[in-house]
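*Asks:* In the order they appear, the protein sequences are chains P and L.
Per my numbering, the very first residue in the first sequence carries number 651; after that it's consecutive.
Per my numbering, the very first residue in the second sequence carries number 80; after that it's consecutive.
Heads up, some of the hints might be wrong.
Straight-line distance between alpha carbons at most 25 angstroms, and here's what the computed DSS-like set of lysine-lysine pairs gives [what the hints assert, rightly or not]:
1) L:121 / P:663
2) L:121 / P:707
3) P:672 / L:121
Which residues of chain L face chain P? A few of them, derived with a C-beta cut under 8 angstroms, are [as the list claims (entries may be wrong)]:
4) 121
5) 125
6) 134
7) 137
8) 138
9) 168
10) 177
11) 179
12) 180
13) 182
14) 184
Derived from the structure by calculation, the hints contain no laboratory data.
Everything numeric in this text was worked out from a predicted model, so none of it was measured.
Backbone N, C-alpha and C define an ideal beta-carbon position, used for all residues, glycine too.
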Amino acid sequence: AAGVIQSPRHLIKEKRETATLKCYPIPRHDTVYWYQQGPGQDPQFLISFYEKMQSDKGSIPDRFSAQQFSDYHSELNMSSLELGDSALYFCASSERNRGRGNTIYFGEGSWLTVV
Amino acid sequence: GESVGLHLPTLSVQEGDNSIINCAYSNSASDYFIWYKQESGKGPQFIIDIRSNMDKRQGQRVTVLLNKTVKHLSLQIAATQPGDSAVYFCAERVYNNFNKFYFGSGTKLNVKP
């Protein structure tokens, strides 16, 4: 079965640079979520989108922005990178409909290392 | 935000024993709960889910129990194997026009051979 696809899998950037992560949700999933997980930490919710509109916002820094496109893929843009942004970034997707078993499924993550 | 937390941060069990991982949640409006397994450097992997209108659900070697009275969730793994070693997260869903998922602190399961 198709899963959530994230790219790139690994990324190394220098401080103050910009990075863009991409996420392709499971087919027919209309909601995308972004999470940040630092070493040894729990996934922290950043932001989510439904039908190209922001549906919820978590602890996303102002330096970060995201959007969902017409094909439902999403991109997380991170600017003015700091060392503390080094983390594993997960994208997840689900269906919005409450009535169905709309589990949230995760991608394998994108490793961002800021040096 | 909502609070979902685990009682034990680390659990060590002997191979072949049963494991029980616990989770507490705080939102009475949560209607759907999920357990995930996360291996090092990988994404959280869906294990089993349960809706709030159920109190027990069984899968292959795993059982999830839900006690809505005390807002408690548990994951039972039968005949724990070394491959079960990972961090386990519980998540609750609150639906308010959109899905909102809240994750608790993970429990690291160490399976000793």
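*Asks:* Now, for every hint given, state plainly whether the structure supports it.
*Replies:* Right, here's what the structure says about each hint:
{"no.": "1", "hint": "L:121 / P:663", "verdict": "21 angstroms, holds"}
{"no.": "2", "hint": "L:121 / P:707", "verdict": "24 angstroms, holds"}
{"no.": "3", "hint": "P:672 / L:121", "verdict": "17 angstroms, holds"}
{"no.": "4", "hint": "121", "verdict": "6 angstroms, holds"}
{"no.": "5", "hint": "125", "verdict": "6 angstroms, holds"}
{"no.": "6", "hint": "134", "verdict": "17 angstroms, violated"}
{"no.": "7", "hint": "137", "verdict": "16 angstroms, violated"}
{"no.": "8", "hint": "138", "verdict": "13 angstroms, violated"}
{"no.": "9", "hint": "168", "verdict": "7 angstroms, holds"}
{"no.": "10", "hint": "177", "verdict": "4 angstroms, holds"}
{"no.": "11", "hint": "179", "verdict": "6 angstroms, holds"}
{"no.": "12", "hint": "180", "verdict": "5 angstroms, holds"}
{"no.": "13", "hint": "182", "verdict": "5 angstroms, holds"}
{"no.": "14", "hint": "184", "verdict": "5 angstroms, holds"}
In this structure, the earlier hints numbered 6, 7 and 8 are contradicted, and the remaining ones agree with it.
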